[in-house]
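Student: Each chain, written out:
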Amino acid sequence: MTAPFLVARNIAKRFGALTALADVDLEIRPGEVLALLGDNGAGKSTFIKILAGAHPPSDGELLIEGKAVAFASPKDAAASGIATIFQELALSENLSIAENVFLGRELKRSIFGIPFLKRAEMRQRVDGLLQELDAHISDPEAPVGSLSGGQRQAVAICRALNLNARLVIMDEPTAALAVAETRKVLALTRRLAGRGCAVVLISHNISEVFEVADRIVVFRRGRKVAERLAAETNHEEVVSLITGAHPDVRALEKTN
Amino acid sequence: MSAVRQSGSGVFSMNGREWSLLVACLLAIAIFSVASPHYATPGNAVTVLRNSVELLLIGLGMTLLLAMGGIDVSIGIVMGLAAIAIGRIVGADGSPFVALVAGPLVGALLGCVTAAVVVLGRVPAIVGTLGLLGVYRTAVFALLGGQWLSGLPSSLTDLLATTVLGIPVPALVIAVAYLTVWLALRRTPYGLHLLAIGNSEEKARLSGIPVIKVRFLTFVISGVLTGIAATFYVATYRNVEMSIGSTSALDAIAAVILGGTSILGGRCSLLGTVLGVLLLRILQNGLLLIGVPSLWQPVVTGVLVIGVLGFEAVSNRLPLTRFQRARA
Ligand SMILES: Nc1ncnc2c1ncn2[C@@H]1O[C@H](COP(=O)(O)OP(=O)(O)O)[C@@H](O)[C@H]1O
Ligand SMILES: [Mg+2]
Chain B
28 MTAPFLVARN
38 IAKRFGALTA
48 LADVDLEIRP
58 GEVLALLGDN
68 GAGKSTFIKI
78 LAGAHPPSDG
88 ELLIEGKAVA
98 FASPKDAAAS
108 GIATIFQELA
118 LSENLSIAEN
128 VFLGRELKRS
138 IFGIPFLKRA
148 EMRQRVDGLL
158 QELDAHISDP
168 EAPVGSLSGG
178 QRQAVAICRA
188 LNLNARLVIM
198 DEPTAALAVA
208 ETRKVLALTR
218 RLAGRGCAVV
228 LISHNISEVF
238 EVADRIVVFR
248 RGRKVAERLA
258 AETNHEEVVS
268 LITGAHPDVR
278 ALEKTN
Chain U
6 MSAVRQSGSG
16 VFSMNGREWS
26 LLVACLLAIA
36 IFSVASPHYA
46 TPGNAVTVLR
56 NSVELLLIGL
66 GMTLLLAMGG
76 IDVSIGIVMG
86 LAAIAIGRIV
96 GADGSPFVAL
106 VAGPLVGALL
116 GCVTAAVVVL
126 GRVPAIVGTL
136 GLLGVYRTAV
146 FALLGGQWLS
156 GLPSSLTDLL
166 ATTVLGIPVP
176 ALVIAVAYLT
186 VWLALRRTPY
196 GLHLLAIGNS
206 EEKARLSGIP
216 VIKVRFLTFV
226 ISGVLTGIAA
236 TFYVATYRNV
246 EMSIGSTSAL
256 DAIAAVILGG
266 TSILGGRCSL
276 LGTVLGVLLL
286 RILQNGLLLI
296 GVPSLWQPVV
306 TGVLVIGVLG
316 FEAVSNRLPL
326 TRFQRARA
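Quick note, the sequences are listed as chains B and U, same order. Each step along the first sequence adds one to the number in the numbering used here, with nothing skipped, and position 188 is 215. Each step along the second sequence adds one to the number in the numbering used here, with nothing skipped, and position 167 is 172.
Hints were generated in silico from the structure; no laboratory data involved. One or more of the hints may lead you astray.
[What the hints assert, rightly or not] With a cut-off of at most 25 Å between alpha-carbon atoms, the simulated DSS-like pairs for lysine-lysine come out as follows:
#1 Lys102/B to Lys208/U
#2 Lys145/B to Lys208/U
#3 Lys145/B to Lys135/B
Let the hints inform the model, and build the full structure from the sequences given.
Tutor: Dropping the structure here:
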């Protein structure tokens with residue numbers, strides 16, 4: 028078994044009086060698609076925002092390749108090779124595709140010490156990525172706000188690819204997509220894992236999860252209640268883990 | 006769709022809004038020329054341009070602020086404070102070159118103060134700058150002691166009334182300021198970050214943009230431009246009156262909004278701001294010449310702002326063009 032790329036230990040997150048996450052332990056391995064499942068409000072988005080450097084954890088620690096890290100900002104997480112596609116996508120609707128893909132880490136050349144954008148290079152790179160994704164966008168200069176849901180998802184994925192990330196996190200990437208676009212995104216998650224990238228996928232669609240995931244982790248009320256290899260579980264068991272009907276979850280929730 | 010695209014556009018390429026403004030300027034000139042025999046003279050044209058200098062500089066900064074989702078209603082009084090510093094230096098027969106440095110320097114310092122309150126202190130820009138407006142008003146009163154700074158020597162005036170390669174210094178300074186701001190906005194990461202913040206501060210943060218740094222810097226840039234405006238103010242009028250800059254914020258915000266910059270942030274037009282300033286000054290000058298008392302000028306400006314925003318709201322322009330950026 029390969030060594031984990033990222034280890035989360037005892038992660039907790041409190042928003043004032045509300046405990047959104049408690050005691051989460053998780054290992055994320057390269058080349059593996061890990062699916063994060065759970066009801067609304069289970070804490071999935073909060074957990075990945077901690078991995079992405081968007082929230083500091085209230086407790087616990089993160090290790091990348093065995094070394095403890097503390098992210099002060101999404102930029103820090105990106106520098107450690109973590110790319111996140113947030114549920115709300117975090118794209119700037121008023122900017123073009125290339126501008127969005129490179130936002131926050133633009134290609135630039137220095138003239139008299141002033142950084143100027145290398146716009147042609149950025150555009151070229153993005154055209155290549157879009158082609159690789161098989162995404163057809165008629166006007167790459169149009170603002171992202173004028174694109175369809177699937178096209179925006181493609182832009183967000185380009186952003187992650189462009190980072191050459193070691194870990195790509197996708198929060199419900201297929202929720203707003205049509206069937207054909209969903210297929211493309213799922214194929215892409217497999218391709219990313221095939222390249223040796225670690226992938227964390229959040230989804231509400233259990234059949235979709237079984238299609239692509241190697242490992243399934245279930246969150247419930249801010250806690251990790253189960254972890255299974257996809258090959259060793261089934262649809263019904265996963266549903267009962269999510270709803271809390273599974274005996275393991277009941278036993279766990281009785282002790283808390 | 007062509008107005009949406011901007012990346013390939015040049016410094017002076019124009020969109021629909023900008024053409025409309027140009028037509029409005031020409032129309033106003035035509036009407037005033039018929040209405041008043043004193044209007045269409047070279048002397049009056051120079052007056053209108055002369056009157057536009059300070060507002061053009063302040064307007065460039067205000068464009069950046071609004072594009073970022075910010076605002077500064079204290080900008081006129083910031084010009085006042087900078088003008089007092091310049092006036093004191095000129096009045097004490099100090100070197101006009103020292104006076105030249107004083108304006109941008111005081112502007113930058115006050116920009117830092119504004120940024121400290123609004124950006125570091127997380128006070129909403131409209132409230133924070135309104136508070137500073139109150140503080141600075143009193144500071145101006147205290148510094149001037151209830152009296153105008155008047156009858157200043159002409160050293161600074163003489164220095165700025167010269168031409169370089171046949172171009173008047175004010176025109177040159179404005180050209181350089183416009184080009185610099187345009188490059189910063191459209192050709193550097195800073196401009197991209199500013200527009201992303203104007204679209205959504207939270208998304209900008211998630212994208213790894215140094216939001217606080219960009220916002221801070223923008224208030225400082227606006228302060229510097231305002232300090233330069235103060236320099237031209239003192240050079241032109243050779244006095245600093247108690248009411249200095251009292252209409253500058255309204256005028257600047259009006260011109261910027263007329264120019265097509267979104268009050269919600271994320272979209273702006275520098276060329277629109279320039280045309281907005283000219284339209285405003287043409288109207289104010291023309292109305293004066295046909296006998297409308299100057300008391301009515303803020304009324305005209307206010308009605309224009311409300312009219313433009315009302316029209317945009319009614320024609321659903323706001324939600325639609327939130328995603329669109331006009332060319333600078
Ligand atoms: N920024 C925040 N401030 C306060 N509460 C939050 C915040 N983000 C999430 N929460 C709360 O944390 C809990 C977990 O939310 P979330 O992680 O979004 O769940 P999921 O993505 O699994 O649906 C919810 O109760 C939610 O209301
Ligand atoms: Mg969520």
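Student: Of the hints given before, which are not true for this structure?
Tutor: Violated hints: none at all, because every hint is consistent with the structure.
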